[in-house]
Amino acid sequence: CMRKDPGAILPQNLIYVPTTIVAGVFAVTSSLAIFRSRFQSKSLPAGGPFFMQYVILILLLGVCLAVGSLVESMITPVFMRVIISIL
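Mapped onto the working numbering, the consecutive letters of the sequence shown carry residue numbers 1 to 87.
It is worth saying that the hints were derived from the structure and are not from the lab. Hints are not guaranteed to be accurate.
Below, a list of computed lysine to any residue pairs in the SDA-like style, where the Cα atoms sit at most 20 Å apart [what the hints assert, rightly or not]:
no., residue 1, residue 2
1, Lys-42, Leu-60
2, Lys-42, Leu-59
3, Lys-42, Ile-58
4, Lys-42, Ile-56
5, Lys-42, Thr-29
6, Lys-42, Tyr-54
7, Lys-42, Leu-57
Generate coordinates for the entire structure from the input sequences, incorporating the hints supplied.
Here is the structure:
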């Protein structure tokens, strides 16, 4: 019976999972705000502050995902070597 080591999965997922959840929640919230503005008298400007907030947050989340990739490619192998030497 081969057991899977959580060290190979854990570090980058500590970054990926919360980032994906935040992106999803913000996307749904933004979609609802746009949907509501369609049925109310006010409209959201095309290049206004709401759009800029969305773009900035998505860019920051992209940076977080890039950091997760760096963790996966550089730090996880080090953790694996340490865990293998302990076992």
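Results of checking the hints against the structure:
no.	hint	result
1	Lys-42 - Leu-60	29 Å, violated
2	Lys-42 - Leu-59	27 Å, violated
3	Lys-42 - Ile-58	25 Å, violated
4	Lys-42 - Ile-56	23 Å, violated
5	Lys-42 - Thr-29	17 Å, holds
6	Lys-42 - Tyr-54	19 Å, holds
7	Lys-42 - Leu-57	24 Å, violated
Hints 1, 2, 3, 4, 7 from the list above are not met by this structure, while the remaining hints are.
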